[in-house]
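Peer 1: Here is how the chains run, residue by residue.
2 protein chains.
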Amino acid sequence: MDLYKTILRRIIIMSSMEEVETEETVTCLHITLYHPCQEEKQVFRSLKFHKRERRRVDEVAKFGRDSNICHYNLMDTRVSRVQFTLQFFRQLNSSELGFEIKNMSKKTKLIVDNVELDYLNKIDLPWKCIIRFGDYQLLMQRQDGESVDYFETCFELAQASLLQERHLPLLQPIPECGISPSLVYSQGVRPIEMDENDL
Amino acid sequence: MDLYKTILRRIIIMSSMEEVETEETVTCLHITLYHPCQEEKQVFRSLKFHKRERRRVDEVAKFGRDSNICHYNLMDTRVSRVQFTLQFFRQLNSSELGFEIKNMSKKTKLIVDNVELDYLNKIDLPWKCIIRFGDYQLLMQRQDGESVDYFETCFELAQASLLQERHLPLLQPIPECGISPSLVYSQGVRPIEMDENDL
Numbered sequence: 049m050d051l052y053k054t055i056l057r058r059i060i061i062m063s064s065m066e067e068v069e070t071e072e073t074v075t076c077l078h079i080t081l082y083h084p085c086q087e088e089k090q091v092f093r094s095l096k097f098h099k100r101e102r103r104r105v106d107e108v109a110k111f112g113r114d115s116n117i118c119h120y121n122l123m124d125t126r127v128s129r130v131q132f133t134l135q136f137f138r139q140l141n142s143s144e145l146g147f148e149i150k151n152m153s154k155k156t157k158l159i160v161d162n163v164e165l166d167y168l169n170k171i172d173l174p175w176k177c178i179i180r181f182g183d184y185q186l187l188m189q190r191q192d193g194e195s196v197d198y199f200e201t202c203f204e205l206a207q208a209s210l211l212q213e214r215h216l217p218l219l220q221p222i223p224e225c226g227i228s229p230s231l232v233y234s235q236g237v238r239p240i241e242m243d244e245n246d247l
Numbered sequence: 049m050d051l052y053k054t055i056l057r058r059i060i061i062m063s064s065m066e067e068v069e070t071e072e073t074v075t076c077l078h079i080t081l082y083h084p085c086q087e088e089k090q091v092f093r094s095l096k097f098h099k100r101e102r103r104r105v106d107e108v109a110k111f112g113r114d115s116n117i118c119h120y121n122l123m124d125t126r127v128s129r130v131q132f133t134l135q136f137f138r139q140l141n142s143s144e145l146g147f148e149i150k151n152m153s154k155k156t157k158l159i160v161d162n163v164e165l166d167y168l169n170k171i172d173l174p175w176k177c178i179i180r181f182g183d184y185q186l187l188m189q190r191q192d193g194e195s196v197d198y199f200e201t202c203f204e205l206a207q208a209s210l211l212q213e214r215h216l217p218l219l220q221p222i223p224e225c226g227i228s229p230s231l232v233y234s235q236g237v238r239p240i241e242m243d244e245n246d247l
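Residue numbers (the working numbering), protein chains in the order written: chain A, 49 to 247; chain B, 49 to 247.
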């Protein structure tokens, strides 16, 4: 009788294991953000850090100033209402999933590593790249997953400019707060105090 | 005095001409639609024909069954909630404006001329092309314009299959109403009557 019970229990455990759906991994875009005046202006204050945010694959992830339109809000009057968009897609003739970026700003170029995007230009994001516009620097790195229903984003804050590491040239013109990020961090100069109107 | 009046009038006309903004042309995607059972099922009944519809460039034009999500609604239970999307963009290092198409259907391939798009695959539309999915055929032709704020769409209805003209192979499997479009039109056979449940 005990043997019967044991066998029955094993059968139940095995069949319940089979019924559990295979857990699916989700592609995550890790975004490390840097702005030379973040400490004063808190331009990233509306973003959630170290938290994976899940989006449906048919959503266009919008980054910009207008919180009514953008999922990812940059608190900075110099930023366009929609600065850029990210979209999920699957590579033709491949199972590789990735992101397309499109510049939605008429006034500011968007630079992906060394490729300049004008207004309405789009490009497929490399697996790892640095995005720049104005004073903003975003290191984007894709963590591959299997899901074709969702993707995720996850933000981190960089304490120093991301460009030195990658040996990319600093952007012209002069940054918004008037001090080059390399000066701020290499010479220990703190950014000048901001007027409230600048916020 | 008359001469004075004439000169004054000319000056007024000239200056008012200068003040008028240059009229900007808008890129228009002309879409000619065909479905073998349109006459019976009226799958295109919610679309406006011979009317240019203007959209903002940041809008994703969605085609599909779900009228809550899609601008362009196909009245057919065989169509996915969102079948495909169209997006406006500007070619990199060029002033050329165009459209990107993305297949949003998990169950049906989208064929652009002879390129098969699976779910989440995308491609830039050629200037003129034929899109196919299931029994649907769409001839898409771009009329170039200058605006970077808007694009337009304009629909027409085709009375016969678009494939003969372009010598494209008919799609497998057998069309929804059980009769091949080439049979319907080349042999004058009318499609069989539909049950209400098929609608």
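These aren't lab readings, by the way, just hints derived from the structure by calculation. Small disclaimer: the values here were computed from a predicted structure and weren't measured. A portion of the hints provided could be inaccurate.
Unchecked claim - Distance windows between CB atoms, simulated:
1) B:Glu-88 - A:Met-123: 36 to 42 Å
2) A:Asp-161 - B:Ile-117: 31 to 37 Å
3) B:Asp-192 - A:Asp-197: 55 to 61 Å
4) A:Arg-100 - B:Lys-99: 40 to 46 Å
5) A:Lys-176 - B:Lys-99: 43 to 49 Å
6) A:Asp-197 - B:Lys-99: 33 to 39 Å
7) B:Leu-140 - A:Asp-197: 44 to 50 Å
8) A:Glu-101 - B:Lys-154: 31 to 37 Å
9) A:Glu-204 - B:Leu-205: 17 to 23 Å
As the list claims (entries may be wrong) - So these bits of chain B aren't anywhere near chain A, every CB distance computed over 10 Å:
10) Cys-76
11) Glu-88
12) Asn-121
13) Val-163
14) Asp-166
15) Leu-173
Idealized CB from N, CA, C, for every residue including glycine.
Peer 1: For each hint, tell me whether it holds in the structure or not.
Peer 2: Taking the hints in turn, this is what the structure says about them:
no.	hint	verdict
1	B:Glu-88 - A:Met-123: 36 to 42 Å	violated (56 Å)
2	A:Asp-161 - B:Ile-117: 31 to 37 Å	holds (35 Å)
3	B:Asp-192 - A:Asp-197: 55 to 61 Å	violated (37 Å)
4	A:Arg-100 - B:Lys-99: 40 to 46 Å	holds (44 Å)
5	A:Lys-176 - B:Lys-99: 43 to 49 Å	holds (46 Å)
6	A:Asp-197 - B:Lys-99: 33 to 39 Å	holds (36 Å)
7	B:Leu-140 - A:Asp-197: 44 to 50 Å	violated (30 Å)
8	A:Glu-101 - B:Lys-154: 31 to 37 Å	violated (23 Å)
9	A:Glu-204 - B:Leu-205: 17 to 23 Å	violated (53 Å)
10	Cys-76	holds (17 Å)
11	Glu-88	holds (31 Å)
12	Asn-121	holds (16 Å)
13	Val-163	violated (8 Å)
14	Asp-166	violated (7 Å)
15	Leu-173	holds (13 Å)
In summary, the numbered hints that this structure violates are 1, 3, 7, 8, 9, 13 and 14.
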